[in-house]
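Enquirer: For reference, the chains in residue letters:
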Amino acid sequence: MELNCKHVWAHISDYIDDSVAPELRADIERHLEHCEICSAILDSTRNILVLTADDRTFELPVGFSKRLHERLARELAEEANAPTVN
Amino acid sequence: MKSGEATATANRDEAGLITRILAGEKELFHELIRPYERMVYMTVFSIVRNETEAEDGAQDAIVNAYRHLGKFRGDAKFSTWLTTIAVNEGRQKLSRAKRAKEDSLDEPIEGEDQELTPAPLTDWREIPLEALERKELREALRSAVAELPGIYRQIFTLRDIDGLNVAETAVALGINTNMVKVRLHRARMMLQKRLVPLLKTTAPVRKSSWWKTGRMPWS
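As they're listed, the protein sequences go chains A and B. Position 63 (the first sequence) corresponds to 176 in this note's numbering; numbering is contiguous. Position 68 (the second sequence) corresponds to 1544 in this note's numbering; numbering is contiguous.
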């Protein structure tokens, strides 16, 4: 099936997640071969996801882990008086 | 969960760890939770949008997970179960802060059914991955995510920051998988729309020269 740009945009997210049906995937790929605009939208969206997956983009506050485990240690120590975990 | 963390958790016997914790080796809970600290924090942060509250909420969620570990059933993944606790903790914090109305997941979002058009620019595709090393871009993305409407921010966080799959995201947020897909798509398109012009402004591409010299226009 011949897709127009709007059809392709509607499926970009699913396409990136590889959750479109094989036939639709083939149609999208045929469209992308000749459409620079849709290719650019796909690439830019993918780049955003690459950036999102970079641990430096969304960082934990400094000392978060240390404070968390200190609190857990206190919780575990208090629990020593009531030893049932439930 | 990021790929490195996924590998770290894939190689350990989580069910075995949980059994040992419940049998009395409580200190092992520190080990059980370590790969998920970031996921829990990001999940709570996506709801409360405040670092201090997110840290409090994440700690509370993890302590709650410890207290209720006996109720965890092996039919779900521990990460999904933990995310559900984090989502509940975040929502409780939000409603305590009386901001529930503004950001409620249950409220219909105006225009959700409308089509969202991505930014049709061709420049981005030519920006190499090295450009993604730039600190400003990461900051711009953080701001753009922070400014997404609540339901989209939460879906995007669980799916693309925490790395949950669609089904796990649906369970954690208590919505169906189709809604996760629709909202995720919109969230990604909103970010694309927001970030593409921003990148263009900060990094005008001079096609004729910079590819040849190997120098980035912003360097």
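Honestly, the hints are just simulated from the structure, not real lab data. Incorrect hints may have been included.
No farther apart than 30 Å at their CA atoms in a straight line, the calculated lysine-lysine pairs in the DSS-like style are these [to be verified]: (1) A:K179 <-> B:K1547; (2) B:K1611 <-> B:K1553; (3) A:K119 <-> B:K1502; (4) B:K1553 <-> B:K1669.
Where chain B lies over chain A, by a calculated footprint (3+ residues, C-beta under 8 Å) [as the list claims (entries may be wrong)]: (5) 124-136; (6) 160-168; (7) 179-186.
Just so you know, these numbers come straight off a predicted model, no measurement behind them. Here a beta-carbon is modelled for each residue, glycine too, at the ideal position from N, C-alpha and C.
Enquirer: Examine the region 124-136 of chain A for residues whose CB is less than 8 Å from any CB of chain B, and state whether their number is three or more.
Expert: holds (count 6)
Enquirer: Assess, step by step, whether the Cα of A:K119 is no farther than 30 Å from the Cα of B:K1502, and give holds or violated.
Expert: violated, 54 Å
Enquirer: Under the criterion that the straight-line Cα-Cα distance not exceed 30 Å, is the pair B:K1611, B:K1553 satisfied?
Expert: Roughly 34 Å separates the two Cα atoms, so the pair is violated.
Enquirer: Hinted pair, alpha-carbon criterion (30 Å max): A:K179, B:K1547. Please report holds or violated.
Expert: Answer holds: A:K179 to B:K1547 is near 27 Å, not above 30 Å.
Enquirer: Three residues minimum, CB to CB under 8 Å: does the region 179-186 of chain A make the cut for coverage by chain B? Let me know.
Expert: holds (count 6)
Enquirer: Taking beta carbons only, do three or more residues of the region 160-168 of chain A come closer than 8 Å to chain B?
Expert: holds (count 9)
Enquirer: For the pair supplied as a hint, B:K1553 and B:K1669, confirm whether the alpha-carbon distance does not exceed 30 Å.
Expert: Not satisfied, since the Cα-Cα distance of roughly 34 Å exceeds 30 Å.
This entry does not satisfy hints 2, 3 and 4, going by the numbered hints stated previously.
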